[in-house]
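One line per chain: the protein sequences are A and B, in this order. For the first sequence, position 237 (counting from the first letter as 1) is numbered 671 according to the numbering used here, and the numbering increases by one without interruption. For the second sequence, position 22 (counting from the first letter as 1) is numbered 53 according to the numbering used here, and the numbering increases by one without interruption.
Treat each hint with caution, since some may be false.
Pair ranges (Cβ atoms, derived) [unchecked claim]:
{"#": "1", "chain 1": "B", "residue 1": "Asp138", "chain 2": "A", "residue 2": "Ser653", "range": "46 to 52 Å"}
{"#": "2", "chain 1": "A", "residue 1": "Gly742", "chain 2": "B", "residue 2": "Asp138", "range": "33 to 39 Å"}
{"#": "3", "chain 1": "A", "residue 1": "Ser741", "chain 2": "B", "residue 2": "Glu65", "range": "21 to 27 Å"}
{"#": "4", "chain 1": "B", "residue 1": "Glu42", "chain 2": "A", "residue 2": "Leu445", "range": "25 to 31 Å"}
{"#": "5", "chain 1": "B", "residue 1": "Ala148", "chain 2": "A", "residue 2": "Gly782", "range": "35 to 41 Å"}
{"#": "6", "chain 1": "A", "residue 1": "Thr576", "chain 2": "B", "residue 2": "Lys153", "range": "42 to 48 Å"}
{"#": "7", "chain 1": "A", "residue 1": "Leu793", "chain 2": "B", "residue 2": "Ala148", "range": "16 to 22 Å"}
{"#": "8", "chain 1": "B", "residue 1": "Lys153", "chain 2": "A", "residue 2": "Ala748", "range": "26 to 32 Å"}
Keep in mind that the hints were calculated from the coordinates and are not lab data. Please read all numbers here as calculations on a predicted model, not as lab measurements. Just so you know, even glycine gets a beta-carbon here, dropped at the ideal spot from N, CA and C.
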Amino acid sequence: MADTNSYSSDLKTTPLNELHEQLGAKMVPFAGYSMPVQYPKGVKTEHLHTRSSAGLFDVSHMGQVIVEGPNAASELEQLIPLDLEALAVGSQSYGLFTNDQGGIIDDLIIARWQQNTFFIVINAACKYKDIEHLRAHISESTITELTDRALLALQGPKAANVMQSICPQALQLKFMEFGEFTVQGESMFISRSGYTGEDGFEISVPAQLARSFAEHILSFDEVEPIGLGARDSLRLESGLCLYGQDMNDQTNVIEASLAWSIHKNRRANGSKAGNFLGADAIFAAQESGVSKKRVGLSVESKTPVRSGTLLVDANSQEIGEVTSGGFSPSLEKPIAMGYVSSDFAKVGTEIFALVRNKLIPVTIAKTPFVTQNYYRG
Amino acid sequence: MNIPQDLRYTESHEWIRKEADGSITVGITDHAQEALGDIVFLELPSVGKTFNAGDACAVVESVKAASDIYAPLSGEVIANNDAAVSAPESVNSDAYGSWLFKMKPADISKVDALLTADAYAKTIGA
């Protein structure tokens, strides 16, 4: 095997950096940050612990942005195909920044904190381009990146039990609801969401409080620290896509199978159709069909099928490529997602992955691979 | 870090045991299994295949990534470990017991040119 211990010293760190090292994390460069890929228990154990109990993730590398102003909803609607005017205060939604070709600049979570104030969480690797994009298109509202806050995710079926002791008021939140709460005298933004498919919370904490708060959460028997390795396998099992890997600025929203993320009022036949970047290209793709689609892939073999693996038909003709793939600890088998030519995109279609010149049987599968357990009240 | 004195090693983290019958047994080191993390799949060379020293001849896949395993010497594969294939996690729990394959080297004397335990310990900074 080859060595993987290359390290760059100009990496940024999160407010929890010392805690990660103290907990014995293996740190790796990710999106310009030094981040924990795993702790001593390892990816598989961390993954299964999150599914059965609760896991604490440091996601402070992600961008936290406030957009504020009397016209913030309508200004943001030019960039994100959601109905933000109709989004209730205290609710949040998954959405996309689209570009004028119908591609995806980033995916995001946007919460309506107050009537004229939106809180947006964006991917670490995209935050500078996203903020530039916001500044380029938004003239009336103010745009503020919150650089003095950490972001923690507490995920798993026991997350609510732990939250009961930390901030019982936050239990009033249902899936995709958001609020500001006072914990230990400090303002915390808490949403009932995450990227694991489990019930859980994402908590924006003032940076200087992050460490003691994380240690407090970790003091509960139910909770273990979880690294990026398990975060990746958890999101893949839940069929959630990873920006930069499963879609990018060249991927049409329809190809990415993310049409569901366009609010129904903004779709071609909706009450406020279009008027966002790339609407024409997206509607055209929907109308005329696309040549490839993002699909789930169930691997009918023990061989893991990784990102970059070619997908072929029974005649060994190339029909697509895997964009995320790995071993599912919950299902104890390999799973993947990727793009296939639309003729092969129907669930149940049998194709092959070409791994080290061997044909590995793969079936187009429904996602999520593992049932989601969100708290809907 | 567990690096048994009676084995030889490569810089690419294979261990090699010289057997009485002139064959060698090959596995991956404790350091390697720890760096790879949870091992979920092994692809081992078929019996009868021949390799040159340094050829990629097996694959170890962990939850994180696939890693090639290299033939430490030139020679023919004479056995592979089915038990490890059906329980890949055994390589994590017992890296020196869960061997991967055995070879009949073209020149057994070349084993002595491989890294000693002390030399391997140095290469991994142990």
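| Going through the earlier hints one by one, which of them does the structure break, listed in rising order? | Per hint list: 1, 5, 6, 7, 8 violated.
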